[in-house]
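Number of protein chains: 2
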Amino acid sequence: MAKKIVIIGGVALGPKAACRARRLDPDAEITLIDKDTLISYGGCGIPYFVSGDIANPEDLYSTVFHAKRDPEFFDVYKRVKVMTGTEALDIDRKAKTVRLRDLNTGEESEISYDVLVLGTGASPFVPPVEGFDLPGVKCVANMHQAIDIKSQIASGEVGSAVVVGGGAIGLEMTEAMSALWGVETTLVEMCDQVLPQAMGPEFTRMIENHLEENEVKVMTSTRVLRILGDEDGVTGVLTDKGEIPCDMVIFGAGVRPNNALAKKAGLAIGQFGGIVVDARMCTSDRNIYAGGDCVEIRNQITGAPTYLPLGSLANREGRVIGTNIAGGNERFDGATGTFCLKAFDLSVATSGLTLEQAKAAGFDAVEGLSAQADRAHFYPGHDWLFIKLIADRTTRRVLGIEALGSAGDAVKARVDAVAALLPFHVDLDAISNLEVGYAPPFASAMDVVNAAANALKNIIDGLSNPVEPRDFLAEVLPDESRLILDVRSAKQAVPMQEIYGKRWLNIPQDELPVRYDELPRDKELYVLCNTGLRSYESQVLLRAKGFTNLKNIQGGFLVARKLDPSFGTKK
Amino acid sequence: MAKKIVIIGGVALGPKAACRARRLDPDAEITLIDKDTLISYGGCGIPYFVSGDIANPEDLYSTVFHAKRDPEFFDVYKRVKVMTGTEALDIDRKAKTVRLRDLNTGEESEISYDVLVLGTGASPFVPPVEGFDLPGVKCVANMHQAIDIKSQIASGEVGSAVVVGGGAIGLEMTEAMSALWGVETTLVEMCDQVLPQAMGPEFTRMIENHLEENEVKVMTSTRVLRILGDEDGVTGVLTDKGEIPCDMVIFGAGVRPNNALAKKAGLAIGQFGGIVVDARMCTSDRNIYAGGDCVEIRNQITGAPTYLPLGSLANREGRVIGTNIAGGNERFDGATGTFCLKAFDLSVATSGLTLEQAKAAGFDAVEGLSAQADRAHFYPGHDWLFIKLIADRTTRRVLGIEALGSAGDAVKARVDAVAALLPFHVDLDAISNLEVGYAPPFASAMDVVNAAANALKNIIDGLSNPVEPRDFLAEVLPDESRLILDVRSAKQAVPMQEIYGKRWLNIPQDELPVRYDELPRDKELYVLCNTGLRSYESQVLLRAKGFTNLKNIQGGFLVARKLDPSFGTKK
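Sequence lines, in order, name chains A and B.
Numbered according to numbering that gives the first Met the number 0, the first sequence terminates at residue 570, and the numbering increases by one at each position without gaps.
Numbered according to numbering that gives the first Met the number 0, the second sequence terminates at residue 570, and the numbering increases by one at each position without gaps.
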């Protein structure tokens, strides 16, 4: 008898599992159920639809060959029966049935399964502040909301907007509204940085500055207290830093797994509210599988559960489920949380743990920041690429990587290559010699990712005694008693000496071997060059000459200026 | 007493080893010796200097901060003594001395060492054909030759040129001369494809076609018999396919390791003529280290020795040597041969073994070819990215990857991520779930590299019965008895039916479930769509309906047309 496969949820995981199962089992009866009328769309494309980069909503649920992925498409091409506008109310695990309700007619029915797949996704988190339900307060959880937002913006009704939440969706929506449509946009984030889950504070500060350069107002460490307005719409957002007038509020403050159905059925639920699954993506009921935004998976760095609502994972998990429900045996071993994002003309990518996350997980974590050209420095059109590596001091195990630059694919390339190794728990030597391809249009002979590993090894080995650029700006620079040794040229140092006076010392690197005796030996010296490389070499030289109290400013002038565009322009 | 470190060879490996050793050992006496007057230059940048992308030769031996890396620079900044114009004649391993000759004065001298490093590099291979020493016959082994070539081209003396050798240097020089300078260039390659060491024949055919689109004449399977001309210069090249008139001949026919000094000293030399080194980059003499283009290293796929003269490896090996000669203990475990190249508007990247190399190494090798968009297919500006994976059928171990596309960094990103895993001998499941970053500006949710692994797994599992696009073009298409089933739209199939007649069947994929009975069951059917995806699905459907004799044309119409631009335009 044909196996009865019932799949609840039709955005990413569900359709993928359905199609894979169909290809392996030509006889199975496969039914895909979704509350919505639209299914199988590229939800991550919503910001690009709102921005106008993607003209029509259909583009997000069409194949490469412009076939609309609607119920008829699934019926004809995939031989999968689709029931849209249908809500799953209850699972009877003993009888192996699901009770359904037709959302148009209210009629209830029952469907039986041999194997059930839950791909119920996640819902946007909206903090329960007063006014959260006013018209003009939006989320971007599905296509209908996206179409609604875009039509309002396109009709010229929205002069200004507040985006609440500086995660990926928040940032992408911020760009979407301000870049093309010219909506005056304010980004409000509760934490002291954007992308607080994904990255440490340096690169996010660079993004924040870049957003400001693009006319976006960024308010971090800001809490939303109330949405202002009435039944005619939103008039503003009240925060603990004051009122922001606006015509629209968009919540991008993270999502929560849709676990109600699983919970009611008594399936195991984890600490983040996600359904618990094993490496075969099977729940605590061996006839029920789950994946995508409604499950927790294993963090491959810490071994602990993690919640990563990402469309890429949903698709890969969906295929594994499709194989397993058709009688196969594939594993999904977890994830390290590889992430990438384009924000105007900058791109960032990251994988693994941030420094703070690594410390919280019990590692003796240390980080190194490197700046190098994204291609051969003699090749035209090269630009700076910044890489941060996080490792454990004792075992030298690599725990995370972050990168930022203007050439997005090149930024992502470095992170993807290191991300591939993170599940193997490699140490820094593996990154020193990581065999990324080399030709001048693509990389330096010693690639920036190799250089970043070498820089962090030097820190761990005590050859480089670093100070974080953010600490340099926040603590060293304001303290008149600290001495900075600038080993760049006199021409570069003079403007700094005009601002910081006598405590800004300057001996160019080439003169250091004969002039080091001019330097005080009893005071801490903060050594600075343009990127941190020559200051490191100078530190090595000075240490050989008996200096003991040296700090190398990681990333040098370049990174400090990117973190604070006013650095070196005024006191 | 200060350790005496002598390093022979000053291009890539030597300077890197010298500088690293200096930073670890402030007291060592470090001497760097080179025959040439120019050192520490980016040799791989030579084609970009010749093309004019890089204006001045100095740019190739300057730092990011425009300091010239000349002997004075090494003396002042690195405290490394440099002896240029100095040839190393002999090594006395017992006395630990090297006999030197000053190439200006002819004067000989001796230098003693505690530890010696050989970074003697490689020399271009010039086949011993008649006329190889005529004026106008060039190599691009060093800066002087590059400057010479560029000045001749710039002065307008060179109307046409022949480049001998379709490896990386040959291809880069071909583009350099034809793109900016408009030199009529013919590329001559002995093998039946360009890049014969690096890639299988599909993607190289695409490159060859792209070169032809850019006015380069490509002659593969062509042997150079003689260089024509006299003491006034070259007038042409005689090949087994006829005479090619030209004003300049450039040899890019590979390099051979400079092993004479090591050989004379009795050091172990390997099967490729490279110096044998262990994982610490130490030769058969424990006081002598070697690296870069003059050594053989371990192929991490096969475990066998390999010869990979690449600047990136030289730099990474140089750092390992620098650490070890200063008393440290680092390893260089070998390489998988990651490679990338830009040719006009196409880029290719590759790592590991080609199908033929894998078979020769004893693997039961099988390959899969996939085509997918390089970013979300709904994101503006996306383009096709082609990936080929090679794996062992029995163990499913991944043995190699090749990629081609127009967005170079994106092409390289996919290969670098897989290359990182090759030394770990992972199987295809690791690539199916490879956690590359996803956002619509960078990738599809199921990235092309994941899709490529899934496609190859389907082949190995017998779900997809592929025919290589090159075999389809060469064997199937010319054979009037073979039937092609085109599952694209009627509109796309009609032009093909006009050319190929009744043997070009057409049932669009959506009609196949109700029309499959129109197809003959007793004949082999070659199923075709645009990329190989819908033809695979159709094959699955037909097999479920009892068809047994099916072949899926890998890469579909798209790849076949890229391999043969005339495919589908005439009989």
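No lab work stands behind these hints: they were computed from the structure.
Take these hints with a grain of salt, some might be off.
Same chains, same label: a pair holds when it works inside one copy or across any pair of copies.
[Stated by the list, open to error] Below, computed lysine-lysine pairings styled on DSS-like, alpha-carbon distance capped at 25 Å:
#, residue 1, residue 2
1, LYS544, LYS80
2, LYS95, LYS262
3, LYS263, LYS149
4, LYS80, LYS216
5, LYS67, LYS263
6, LYS216, LYS501
7, LYS80, LYS358
8, LYS263, LYS358
9, LYS569, LYS3
10, LYS34, LYS358
11, LYS358, LYS95
12, LYS3, LYS490
13, LYS2, LYS544
14, LYS67, LYS490
15, LYS570, LYS501
16, LYS544, LYS3
17, LYS263, LYS93
These numbers were taken from a predicted model, which means no experiment stands behind them.
request  = Could you check the structure against the hints above and give me the numbers of any it violates, in ascending order?
outcome  = The structure conflicts with hints 3, 4, 5, 6, 7, 8, 9, 10, 11 and 12, although it agrees with all the remaining ones.
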